[in-house]
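There are 2 protein chains.
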Amino acid sequence: MAVDRKDNIIVAAEKTFASFGYKASTMDLIARTANVGKGTIYTFFQNKEELFYEIMNKFIQRLKKVAMNGIDPEEPFFVNLHRVLYKVLELRKEHQLTIKLTQEIRDIGTRQAQQALENVEDAILGFLEVYIRDAVEKKEIKACSPKVTAFVLLKLYVALVFDWEEHHEPLTSDEIADLFDLYLMRGLRK
Amino acid sequence: MAVDRKDNIIVAAEKTFASFGYKASTMDLIARTANVGKGTIYTFFQNKEELFYEIMNKFIQRLKKVAMNGIDPEEPFFVNLHRVLYKVLELRKEHQLTIKLTQEIRDIGTRQAQQALENVEDAILGFLEVYIRDAVEKKEIKACSPKVTAFVLLKLYVALVFDWEEHHEPLTSDEIADLFDLYLMRGLRK
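As given, the protein sequences belong to chains A and B, one line each in that order.
The numbering used here numbers the first residue of the first sequence as 1 and each following residue consecutively.
The numbering used here numbers the first residue of the second sequence as 1001 and each following residue consecutively.
Chain A on its own, in the form it takes in the complex:
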């Protein structure tokens, strides 16, 4: 019963944050959306920040699960990596709360929204780093810094999945896989 009520509050809060952003979502507004008294929310969460943190944390756990499920130990490093990055970025791209937070950062620079998206990025980088370190140790790829490589791979993917389509036709998953293979696995050298 308590779990149901807590979940109900979390769902309502996520909806509120996704519609109005972090700053404009008051506890009153969340309580009204959840159809509970404000006091009920405070029995589960000390303040708005804590509630927001729980919601973002659930999203990060979801991303990690998607990433883990994207790895098939029978398949080569590159195929897994492409699938993981593509799935994770697709999920992030369609996630209403993340979209709203990105707008909020651009429009009014809310610190908590900024921090939340950095935490999401750090989680993705952390996952990639572990996976790359493993591939280097198993000699599946050349020796490289797992930290820098994770950073480069994520930046390149974000560029191809998000930035490219600001001014061009979107690339398909297969096209991105081919580009990724050419640029980062085979290299441009003749």
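Zero decoy hints are in this set.
No farther apart than 30 Å at their CA atoms in a straight line, the calculated lysine-lysine pairs in the DSSO-like style are these:
no. : chain 1 : residue 1 : chain 2 : residue 2
1   : A       : Lys139    : B       : Lys1155
2   : B       : Lys1155   : A       : Lys93
3   : B       : Lys1048   : B       : Lys1058
4   : A       : Lys87     : A       : Lys65
5   : B       : Lys1093   : A       : Lys155
6   : B       : Lys1139   : A       : Lys190
7   : B       : Lys1190   : A       : Lys190
8   : B       : Lys1100   : A       : Lys100
So these bits of chain A aren't anywhere near chain B, every CB distance computed over 12 Å:
no. : residue
9   : Asn8
10  : Ala18
11  : Phe20
12  : Ala34
13  : Asn35
14  : Lys38
15  : Thr43
16  : Gln46
17  : Ile55
18  : Val66
19  : Glu74
20  : Glu75
21  : Arg83
22  : Lys87
23  : Leu89
24  : Ser173
Stretch by stretch, here's where chain B covers chain A in the computed footprint (C-beta under 8 Å, at least three residues):
no. : stretch
25  : 136-142
26  : 151-165
27  : 179-190
In case anyone wonders, no lab produced these hints; they're calculated from the structure.
We put the beta carbon where it would ideally sit given N, CA and C, even for glycine.
Starting from the known structure of chain A, fit chain B onto it as the hints suggest.
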């Protein structure tokens, strides 16, 4: 004499835009900084937008010159490309007006500032595209789309030169050259 007066206005206007951003820089303010009457400015430029466009255009010409001078036909594609990208991004990084416009876009989203920085990026991409097409034709690098490759190279460089140092020790030019060689020229494949 007219050229001197025009140059004087351009220098003063660039200083004003770099201090106050595009939006807050009125023609009055520019006239005071240039120590001329507002009427004098209008003999050279129809409006603030035209004056701004001239200044940004001069900057783009300067970037192109730096890029051209960075290419030594005796040296391999990769060495030239690294030098050009590094020099161009260093120049952009230290350019006070560009820094101010970036802040202005973040803070109040001025359309003209946004457009100006997109023009700078397009100029760099255009230059890279020509250089990459040439390298593909001469079979110095593998067959690839010059447009997508220019985009990927610039995004990767911006990530390594600008974004990396937001949370880590800055990378030196040599380190970036090594990373670039590993990731994009040799590739990660064993």
